[in-house]
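Q: Sequence:
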Amino acid sequence: MGKVAEIKKENIVCAALEIFSEKGLEQASMEAISKKAEVSKRTLYKYYPTKESLFEVIVERLVSNVKVISSISFNPEQSIEDQLTHIANKEVALLCSPCFMAVARVVMSECIRSKDLAALMVNKFQPLDDCHGLSQWIRDGIAAGKLDVAHPDVASEQFIASLKATVFWPQIMAHMPAPDANVQQATIESAVKTFVAAYEVQTG
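For the record, in the sequence shown the residue sitting at position 6 is 6 according to this note's numbering, with numbers rising by one throughout.
Since the hints were derived computationally from the structure, they do not count as laboratory data. All residues carry an ideal CB built from backbone N, CA and C; glycine is no exception. None of the hints are false.
Cross-link-like lysine-lysine pairs, in silico, BS3-like; alpha carbons within 27 Å at most: (1) 164 - 146; (2) 51 - 3; (3) 8 - 36; (4) 164 - 115; (5) 90 - 146.
Label-pair ranges, simulated between beta-carbon atoms: (6) 26 - 98: 19 to 27 Å; (7) 154 - 73: 16 to 24 Å; (8) 73 - 190: 21 to 29 Å; (9) 198 - 6: 40 to 48 Å; (10) 6 - 50: 17 to 25 Å.
Take the sequences, apply the hints, and build the full model.
A: Here you go:
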């Protein structure tokens, strides 16, 4: 596909995200999206025949962003604190990204409204659940004798939730601005220290 076509597709997706954010998927129109993207309806339908196909592309973007931080490997030669801090920094950088925030807000609101769209989300994220991500990192840490965690999935959810409480949910629910670098760092340090104190195997 040529560069011009790629630019048009990108403009369409960005326009759809903006329109979906303003009106929701149900009330958004393909006409409004084509005008916002400054492309003809014929071009719009050529690439995306329905609003739902555009929404699926937006979901794919959310999934691809999550994949960036989901494929992490446990290193038995590196401290738990350093590894977890690295993971948390990547997570917080993603959560604070304006683009990710916009996509997440649209996807979440539409999933609340529609069971079918919620099912789509589950199917898209399912491959990320077991063999990737923080839960698997924790399991590898247990196998290496570095972590003592009875329920890796619960510990993973708790850690991510402790980050999101400051750098995600207030922005999603109350449209608050992203926290500054100092607040982000304090959030990461607190989450890491809590996890290490609870689960790291003490030696010596």
